[in-house]
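In this note's numbering, the protein residues as written are 28 to 195.
Honestly, the hints are just simulated from the structure, not real lab data.
Predicted model only: the values in this text are computed from it and were never measured.
Hints should not be assumed to be uniformly reliable.
Stated by the list, open to error - Derived CB-CB ranges, DEER-like: (1) Phe48 with Thr180: 39 to 49 Å; (2) Leu51 with Gln128: 39 to 49 Å; (3) Gln128 with Ser92: 29 to 39 Å; (4) Asp159 with Val77: 32 to 42 Å.
Glycine is no exception: its CB is placed at the ideal position from the N, C-alpha and C atoms.
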Amino acid sequence: WYFALLALIPSNVEDWFIIGFPLLLGLMFVLLPFLAPTGERSPRRRPWAVGFVAVFGVSVAALVSLGSAAPWSPDLTVSQLAPQTTQGLTGPAAQGAQLYQQRGCINCHAIAGVGGQRGPDLTRVGTRLSTDELTWRILNGGRNMPAFGTILTPDQTNDLVQFLSQQR
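Can you build the whole structure from these sequences, using the hints too?
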């Protein structure tokens with residue numbers, strides 16, 4: 028559950044969270060007897076304590092469930108693009124569709140509901156990004172996306188951009 032929680036927080040605060048969360052939790056448990064030294068032990072008379080334990084239990088269960096599904100990890104099973112995605116493609120765009128599958132783009136990115144969840148959905152990427160922006164992103168990568176500038180040839184990059192720009 029802890030690693031599922033780490034996967035969901037923004038990467039710029041991850042280091043602070045890795046160190047701070049356990050320290051804060053431990054400090055809370057150490058200080059709790061000093062902050063509330065008296066009180067009733069019956070659960071019926073301590074609704075806040077029961078509520079806290081219940082919320083914590085549900086949170087851990089939800090994070091364990093999310094961690095077992097791991098939607099942030101690339102889906103490395105071999106998938107085929109949806110037929111409507113490749114229908115009518117010719118020339119460079121058809122070659123780009125093949126590259127999209129061969130180079131593993133489909134493992135992280137979904138188009139028309141087929142593919143991974145790690146990266147942004149590219150179903151309508153042709154309406155959001157220009158060909159120059161698509162080219163730059165493919166060549167230079169992004170936060171979690173590797174750069175393909177040294178991996179793809181200029182023709183392959185053009186084919187992939189042609190395919191993605193037709194996703195409207």
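Quick rundown of the hints versus the structure:
no.: 1; hint: Phe48 with Thr180: 39 to 49 Å; verdict: holds, 45 Å
no.: 2; hint: Leu51 with Gln128: 39 to 49 Å; verdict: holds, 45 Å
no.: 3; hint: Gln128 with Ser92: 29 to 39 Å; verdict: holds, 30 Å
no.: 4; hint: Asp159 with Val77: 32 to 42 Å; verdict: violated, 58 Å
In terms of the numbered hints stated before, the structure departs from hint 4 and from no other.
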